[in-house]
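Peer 1: Each chain, written out:
Protein chains: 2
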Amino acid sequence: MIPQIEKHRSIREFLNKDISSDIIEQILLAASRASTTGNMQLYSIIATTSQEVKESLSPCHFNQPMVKQAPLVLTFCADVRRFSMWCELRDAKPVYDNFAWFINSTIDTLLASQNAALEAEANGLGICYLGTTIYTASKICDVLNLPKGVIPITTIVVGYPKSTPELTSRLPLEAVVHYDTYKDYTPQLIEKLWEERESSEETKNLLEANNRSNLAQVFTEDRYKGGDNIAISKSYFDILKKQGFFNQEQ
Amino acid sequence: MIPQIEKHRSIREFLNKDISSDIIEQILLAASRASTTGNMQLYSIIATTSQEVKESLSPCHFNQPMVKQAPLVLTFCADVRRFSMWCELRDAKPVYDNFAWFINSTIDTLLASQNAALEAEANGLGICYLGTTIYTASKICDVLNLPKGVIPITTIVVGYPKSTPELTSRLPLEAVVHYDTYKDYTPQLIEKLWEERESSEETKNLLEANNRSNLAQVFTEDRYKGGDNIAISKSYFDILKKQGFFNQEQ
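For the record, the sequence lines run as chains A and B. The numbering used here puts the first residue of the first sequence at 1, with every later residue one more than the last. The numbering used here puts the first residue of the second sequence at 1, with every later residue one more than the last.
These are computed hints drawn from the structure, not numbers from a lab. Model, not experiment: these values are computed from the prediction. Keep in mind that the hints are not guaranteed to be accurate.
Stated by the list, open to error - Below, simulated BS3-like cross-link-like pairs (lysine-lysine); rule was C-alpha separation at most 27 Å, straight line:
1. A:K192 <-> A:K225
2. A:K204 <-> B:K93
3. A:K241 <-> B:K234
4. B:K242 <-> A:K183
5. A:K192 <-> A:K7
6. A:K93 <-> A:K241
7. B:K192 <-> A:K148
8. B:K148 <-> B:K242
9. A:K234 <-> B:K241
10. B:K241 <-> A:K241
11. A:K225 <-> A:K204
12. B:K204 <-> B:K7
13. B:K148 <-> A:K241
14. A:K234 <-> B:K234
Throw the hints in and build the complete structure from the sequences for me.
Peer 2: Following this line, the structure appears as C-alpha cells:
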C-alpha cells in the first residue's frame, strides 16, 4: 500500500519547527494535481502561517491548541468565484451559484485536500483534519475574508509530529464495502461489525472517561449532540446561501 | 512528489483485463485508512464488477463507454445509515438526518475515494472520476438499491490503461493558493492566470471542435449549460431530502 496511506494517523501535537517554503509549495502543487470537475479547479487553499491569523482562526476550531501550534494551517474552500469572474471577462454567463456546483466544487476541494495531506506526510509531516470547519464556517469566512462564491469545507493543520500515536482501528472492510449493489444491514451484522471495537481497551477507557455505558452514547450524548447537529445544519445552510451557492429557488 | 499524485491523469479507455481480487481488496483497504469524522467511517463503497450491474449503471453516466468497459466501478456513497442503526441497537439516539451530517459524511466519502484512486494507480491501474454521479443520483439509488441514509457522491471507473495520455495542464499555483487570507482577484490577475491555457494548442482545438470564440463559452454553452446546472441542483437537492439528509425544517 502507498506508505502514507498505510501509516496515516492524525497528529495533534507538533514540534516548534517551521516548514520550508519548498515543502509547502510541494504540498500545494500536489493538491493542484488532483482531478477536478472539467479541470476547472473549483477550490482555493488558504495557507496560513502568520501567527496572528492562526490566533484568529483558533476560536473557529474551539481553541484546540494544535491550530496555534501547527506551523501551517490549510483551509480548503470550495470556490466558484475565480472561474465565474473569468467567464464574465469572456462574455460567457456563469451559472455556478447553485447547489449542483456547491457539490462539484466540494468534490474538487476534498480531492485536493487529501492529496495535500498525503504529500505532507510524504515529507515527514503530520496532519489532522478539523471537522470544526463547518461548525463555524461563518466566522471563518470573516477571518479569512472569503467573498461570495467561496465557502470553507475543511481544514488541515500541518507540522512535524511531536510523537507518533498508534494507528487507529477501522471497522472490518465488509462494513463499508458492498459488492455490485447495496446489501442492507441486519442487527446481527451490525453486532458483528462493531464487536471488536466495542470490546477494545480504547473503548473501555472512553466509557470510563465519559461515564457512559456504551460507545454509541459517547457519540450521541457527548461528542456530537443532536441539538448541536441541527444548529450546525442550519448555520451551514445559511452560510451556503449567503456565500451564493443556493441562489435559485428550490 | 508521491509518484501517483505527480503522474495522475484520467484514464478513459481500458484493456480487457480483470483486476485480481487481492488488488481490489488493497484499493478498498486503502480507502478505509483515510481520516473520517470521529472515526465513524460514514461512507459505503459499492464495488461493481458484474457486467449486468455495469450495464444498468451505464445510462446513469450518459452511456460513456468506460463504465461498461472498466473491470471495476466504484460508487462512493455518503452513509449515515450503518452508524445510525448501530446507535439504535445501543439505545443511543442518532441525529444524523440533517445537512451537517450530509457534509460530514461527504467529506469522509471523498477522502476515502481519493485514497482508493491513488492506491489503484499504485497498482498499475488507471482511474477516472465521473461527475455524472450527482446528475443522476436518483437513478443510481435505484440501480444500486441505496436505502435512506445513503446517497451517491462520486464514482470512479478503474482498469488497466489502454494508453497513457499526456498530463493535463493546471492553472499556475498562485491561482488557487492564498497566503494567510483570501486576496480577491482583479481582472488583470484573471487575465494573467488563464493566459497560458487560453493560448494553448489544446484550447485552439477545443474552440474549433465546438465552434466557439473563447474557452469560457465552451464551459457555459457546451459542457455545463446554465439550465442543466439548475435542473441538477433541484434534482440532487430533492434526492438529498428523499434519502434523509435534510429532515428538519431549515
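Peer 1: Decide, hint by hint, whether the structure agrees.
Peer 2: Here is what the structure says about each hint:
Between the alpha carbons of A:K192 and A:K225 the distance comes to roughly 26 Å, so the proposed pair stays at or under 27 Å and holds. A threshold of 27 Å between alpha carbons decides the hint, and for A:K204 with B:K93 the separation of about 21 Å falls inside it, so the pair holds. A C-alpha spacing of about 15 Å is found between A:K241 and B:K234, which places the hinted pair at or below 27 Å, so the restraint holds. About 19 Å separates the Cα atoms of B:K242 and A:K183, which keeps this hinted pair within 27 Å; it holds.
Of the pairs offered as hints, the one joining A:K192 and A:K7 holds, with about 26 Å between alpha carbons and a cut-off of 27 Å not exceeded. For the proposed pair A:K93 and A:K241, the alpha carbon gap of about 20 Å is at most 27 Å, so the pair holds. Under the criterion of a C-alpha separation no larger than 27 Å, the hint pairing B:K192 with A:K148 is consistent with the structure, at around 22 Å. Among the hinted pairs, B:K148 with B:K242 is consistent with the structure: their alpha-carbon atoms are about 7 Å apart, no more than 27 Å.
Between A:K234 and B:K241 the alpha-carbon distance is near 15 Å, which keeps this suggested pair within the 27 Å criterion. For the hint linking B:K241 to A:K241, the alpha-carbon distance of about 17 Å falls within 27 Å, and the restraint holds. Restraint check for A:K225 and A:K204: the C-alpha separation of about 21 Å stays at or below 27 Å, so the hint holds. A C-alpha spacing of about 25 Å is found between B:K204 and B:K7, which places the hinted pair at or below 27 Å, so the restraint holds.
The straight-line distance between the Cα atoms of B:K148 and A:K241 is roughly 25 Å, inside the 27 Å bound, and the hint therefore holds. A C-alpha spacing of about 19 Å is found between A:K234 and B:K234, which places the hinted pair at or below 27 Å, so the restraint holds.
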